[in-house]
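So the sequences go chain by chain: A and B. Numbering-wise, this note's numbering comes out as the position in the first sequence, counting from 1, plus 812. Numbering-wise, this note's numbering comes out as the position in the second sequence, counting from 1, plus 8.
Hints may be right or wrong, so weigh each one.
As a list, the in silico EDC-like pairs of lysine to aspartate or glutamate whose alpha-carbon atoms are at most 16 Å apart [said to hold, decoys possible]:
{"hint": "1", "chain 1": "B", "residue 1": "Lys465", "chain 2": "B", "residue 2": "Glu382"}
{"hint": "2", "chain 1": "B", "residue 1": "Lys334", "chain 2": "B", "residue 2": "Glu349"}
{"hint": "3", "chain 1": "B", "residue 1": "Lys239", "chain 2": "A", "residue 2": "Glu1120"}
{"hint": "4", "chain 1": "B", "residue 1": "Lys510", "chain 2": "B", "residue 2": "Asp475"}
{"hint": "5", "chain 1": "B", "residue 1": "Lys273", "chain 2": "B", "residue 2": "Glu56"}
{"hint": "6", "chain 1": "B", "residue 1": "Lys447", "chain 2": "B", "residue 2": "Glu476"}
{"hint": "7", "chain 1": "B", "residue 1": "Lys603", "chain 2": "B", "residue 2": "Asp408"}
{"hint": "8", "chain 1": "A", "residue 1": "Lys1044", "chain 2": "A", "residue 2": "Glu1078"}
{"hint": "9", "chain 1": "B", "residue 1": "Lys138", "chain 2": "A", "residue 2": "Glu1120"}
{"hint": "10", "chain 1": "B", "residue 1": "Lys239", "chain 2": "A", "residue 2": "Glu878"}
{"hint": "11", "chain 1": "B", "residue 1": "Lys239", "chain 2": "A", "residue 2": "Glu1078"}
{"hint": "12", "chain 1": "B", "residue 1": "Lys465", "chain 2": "B", "residue 2": "Glu476"}
Cβ-to-Cβ under 7 Å is the rule here; a few derived chain A residues that face chain B [stated by the list, open to error]:
{"hint": "13", "residue": "Phe821"}
{"hint": "14", "residue": "Met831"}
{"hint": "15", "residue": "Leu835"}
{"hint": "16", "residue": "Met839"}
{"hint": "17", "residue": "Val844"}
{"hint": "18", "residue": "Asn857"}
{"hint": "19", "residue": "Asp859"}
{"hint": "20", "residue": "Tyr1070"}
{"hint": "21", "residue": "Phe1086"}
{"hint": "22", "residue": "Glu1121"}
{"hint": "23", "residue": "Phe1123"}
{"hint": "24", "residue": "Lys1129"}
Rather than coming from a laboratory, the hints here were simulated on the basis of the structure. Using N, Cα and C, we set each Cβ at its ideal position, and we do this for glycine too.
Next come the chains, spelled out residue by residue.
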Amino acid sequence: MMKNKKNTFIIVEAALAVMVIILAFIMYREQVGTDRFKISVIIPNSDTSQWAAFRYGLKMAAEDQEIELFIVSTGDILTVEEEINMIQEEIDNGADAIIVQPVFGAESEEKLKKFESKVPVMLVENTASEEKEMTMLPITEPDNYAMGKALAEEVLIDYSGRIEGKTLGFFTGTADSEALLNRRKGFEDALQGMDVQFCWSVSSYGASEENLLENQAKVDIVIALDNMALVKAGEVSAVNNLHGALVYGIGNSTEAVYYLDIGIAECLVVPDEFNIGYQSLTEAAESLKHYTHKMQNNIVSYTVIHREELFSAENQKILFTMSR
Amino acid sequence: MKHMNKFKPRGMQSTIMIVFSVISIFIMSVLGIVMYIRFSASFRQEIEQNTQQMMEQVKESMEDYLIGMRQVSDAVYYNVIKEKDFYDEANSIQQGMNLIYEVNRDNLRSIAVYNDYGSLMAAEPVALQKENPDVTHQDWYKKAMEKKENMHFSTPHIQNLFDDSTRRYYWVISLSRVVELTNKGVPTLGVLLVDMDYLSISRMMQQMNTSNNGQYYYLCDGNGQIIYHMKQMQINNGVIHENNEAVSQYKDGIYDEVFEGEHRKLIVKTISYTGWKLVGVIPYSSFTHGMFNIRYFILILILLMAMIVALINRVVSVRISSPILKLNESVMEYEAGEKAEIYIGGSQEIRHLGYSIQRSYEQINTLMREIVLEQNERRKSELDALQSQINPHFLYNALDSIMWMVEGERNDEAAFMISELAKLFRISLSKGRTVISIKDELQHAQSYMNIQKIRYKNAFSVVFDVDESVYSYCCVKLILQPILENAINYGVNSMDDCGEIKVTGEKKDDNIILSVMDNGMGMSEEEVSLVLTDSNRIHKHGSGVGLVNVNNRIKILFGKEYGLLVESEPDEGTKVSICIPAVPYTEENSKILEKGYMFSGEEIINREV
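Working from the sequences, and respecting the hints, build out all of it.
Here it is in structure tokens:
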């Protein structure tokens, strides 16, 4: 009887001691703070102004989701191998998830897919494969086809539909990608059946010859399909080497806006880069925090801006993200 | 039965432990809750005070900043533009503006003067104006022209005035006012614009918004339009919402509100000159966030106190209950007959209890002994009563005989008779003892027989054939005499001179057998069986003391296995044997037998010699 009571007493004291230890441990954990997830972002030329809104979006999402964010400082990412090496390096350095703008290439998709078994991989801007529908990795991007189409519609509006006989040239600043292909396709589809002539399609990416754009045949309209192309076209036009061609384009930097502002570009289609950054990181963070969460594709919006309403309240908000 | 077990009284120690523990837990819980409420109240108060202090500081620095801008505007107007003609004093004006700009360039983006048509009159830093900025349609210009007497602070916007070759766009807050310009001697109205760098304001706000407990600050104008919010883009995109429009109507103070289901505390301060509202938002969750550690701390404190209290409770309960439990155990052992001592220890009260119990047990023992003694006394008195029955009959007969002898002048015989009678009575008395030696008993029997022989005129003969070794054993007083009396009366009395009585004695095993044999008429078996059982038998002769009496006395004194054995054959004679234990006649044994050893439990010493 006495022994039983003694045992009960020892058990009660031991249970209380265990509870004290557990609470002290929890308290210590609260004070030290739990390790945050780390997400690495690999985008080409990450320090340039075209990524300003994207970076701002990433930063805001990282604050909201309490994520440690690494934007890898890069130059031009040339090959799939280089990109894969960078991703591997980031994973080795403790990245819990990767956000990457994939290099367009034959094996790019498969190689990226291999990483997915280790860490969540979110693509941004464009898919790794040519066929958007075939992609196996989640992606956050604007509706590139719709943007191309919208640009074409703006051209039509500006010409009041009388575009017959006009000559056009496509200009790109980056390597071929699913995004560029779809933008061009969207543009072409919108003008299908119209008597327009697509004279040339050039890319400044990897071009050895300087003054590439200046050397092209004279066209009525130059369609710049990406930000770099638009800025380049603006620069060329600013020194009157574009033979009086009108520039329409898709861009997302203050430089691109500047050429719209000073009247070199006629119309600018701006993808919502802030939300590409914000949503891609939010999605990756969710998948890290909730094991059951499967990353989804996100399509962000775009805005068509004309010079006249460049400083409207809504457009100033877009400029705000680019100016950060 | 189970129901009964459920309400089985608990042990004293458990009860003390449970009562102490419940009271301690209750007190500790109350203390813990009170401490927590007190801590959390002071913690909230502290957060509120800190927030207010910080907001006050930021408000002051923001006001200083805005006053600085106003002073810039005043300086440009009153010291540079006013009283000067733009036509012939353009350089002087430019220099003046440049001087002021250079002094304040950290906070300024540009200073510009426009005339009433919206044409640029002067600007610092000197920059290329955009092709057609159409300033008259810009908000800052319109507001200045609407209320000419006021200075107007705009909300942050992109400066849309100059062509920046770096292809960048700047966020500015415009301070605009109507000024009087002189151009070619003609006074006109114009607008002086001081564009402040938004970065200065946003930096101040960013420095405030470093807390990671959910607390944040934002700035909005009098219409609720956000000037700075750390999550401005999320608000623009509709990801999160802010109650800025409602808050812009609040006066300075502290408010409790529920916004989108979240309880929060708002601290509102108005920035002078602008009507801007600096708003501090403290969600209630941030109070609890800070309280987590205090909560854990209090819990740990309560648990540690519980451990100590449990220890103290145990020590106290053991100290209180232990003597009582020991006392209880000793009482139980006593009741089980294992231990005769009662535990005495512990506190004064329990010692007293122990003493009391011990005393009462001792009293009970004493009382029991007294009862036994009383019982023995009673038996003894019964025995004495039986013995006393003998004396009157025998004395009457003996004195009758002596009287006849004296009357017949047989003096010698009478003297012998008296001498024998004296011996008889001496042994009969034996100082009141019941137990005497066999030798004395035989002496008594001989004296009796001598008296009887004289009385019966030697009508029978008596032979004593007793082994001398049995003389020193104990015997009950006056057991032979009634047997001899019976032998005389029923055996040899009716026989004429040929009656013979023989008394023998020997030790057989552990017993002494004394026998009285006569050659009288004897008895039938029926009669023999009645001799020792029928105490109401009417005696025709003698003292009236039957063999039943003798038999009883022997059994009372020595035990039921001892007593008389009667053997008889009609016309042959009768033999009455006395069987008693061989107890050596000593003073101690005699006393033990006198007390009745069967009751006292004392062993007789040297029972076998």
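Against the structure, the hints:
A threshold of 16 Å between alpha carbons decides the hint, and for Lys465/B with Glu382/B the separation of about 47 Å lies outside it, so the pair is violated. About 12 Å separates the Cα atoms of Lys334/B and Glu349/B, which keeps this hinted pair within 16 Å; it holds. For the hint pairing Lys239/B with Glu1120/A, the CA-to-CA distance comes to about 28 Å; that exceeds 16 Å, so the pair is violated. A threshold of 16 Å between alpha carbons decides the hint, and for Lys510/B with Asp475/B the separation of about 13 Å falls inside it, so the pair holds.
This hinted pair checks out: Lys273/B and Glu56/B have alpha carbons roughly 9 Å apart, not beyond 16 Å. In summary, the hint linking Lys447/B to Glu476/B is supported, as the alpha carbons are separated by about 8 Å, within the 16 Å threshold. At most 16 Å may separate the alpha-carbon atoms for a hinted pair to count; Lys603/B and Asp408/B exceed this at roughly 37 Å. Our distance criterion of 16 Å between C-alpha atoms is met by Lys1044/A and Glu1078/A, whose separation comes to about 15 Å.
For the suggested pair Lys138/B and Glu1120/A, the alpha carbons sit about 14 Å apart, so the restraint of at most 16 Å is met. As the CA atoms of Lys239/B and Glu878/A are separated by approximately 14 Å, the hinted pair is consistent with the 16 Å bound. The hinted pair formed by Lys239/B and Glu1078/A fails the criterion: a straight-line CA distance of about 32 Å is larger than 16 Å. The hinted pair formed by Lys465/B and Glu476/B fails the criterion: a straight-line CA distance of about 29 Å is larger than 16 Å.
The interface hint given for Phe821/A is met, as the beta carbon of that residue sits about 5 Å from the closest beta carbon of chain B, less than 7 Å. Below 7 Å, beta-carbon pairs count as interface contacts, and Met831/A has one with chain B at about 5 Å; its hint therefore holds. Satisfaction of the interface hint for Leu835/A is found here, the shortest Cβ-Cβ separation to chain B being roughly 5 Å, below the 7 Å cut-off. For Met839/A, the shortest C-beta to C-beta distance to chain B is roughly 4 Å, which falls under 7 Å, so the interface hint holds.
For Val844/A, the suggested interface contact is broken, since its CB lies about 12 Å from the closest CB of chain B, more than 7 Å. For the restraint placing Asn857/A at the interface with chain B, the shortest Cβ-Cβ distance is roughly 16 Å, beyond the 7 Å limit, so the hint is violated. Because the beta carbon of Asp859/A sits about 15 Å from the nearest beta carbon in chain B, more than 7 Å, this interface hint is broken. This hint holds: Tyr1070/A has a C-beta 4 Å from the nearest C-beta of chain B, less than the 7 Å allowed.
Given the 7 Å rule on beta carbons, the hint for Phe1086/A holds: about 6 Å separates it from the nearest Cβ of chain B. This hint is violated: Glu1121/A has a C-beta 12 Å from the nearest C-beta of chain B, more than the 7 Å allowed. At about 5 Å, the closest approach between the beta carbon of Phe1123/A and any beta carbon in chain B falls short of 7 Å, and the interface hint on this residue holds. At about 5 Å, the closest approach between the beta carbon of Lys1129/A and any beta carbon in chain B falls short of 7 Å, and the interface hint on this residue holds.
The structure shown violates the earlier hints numbered 1, 3, 7, 11, 12, 17, 18, 19 and 22.
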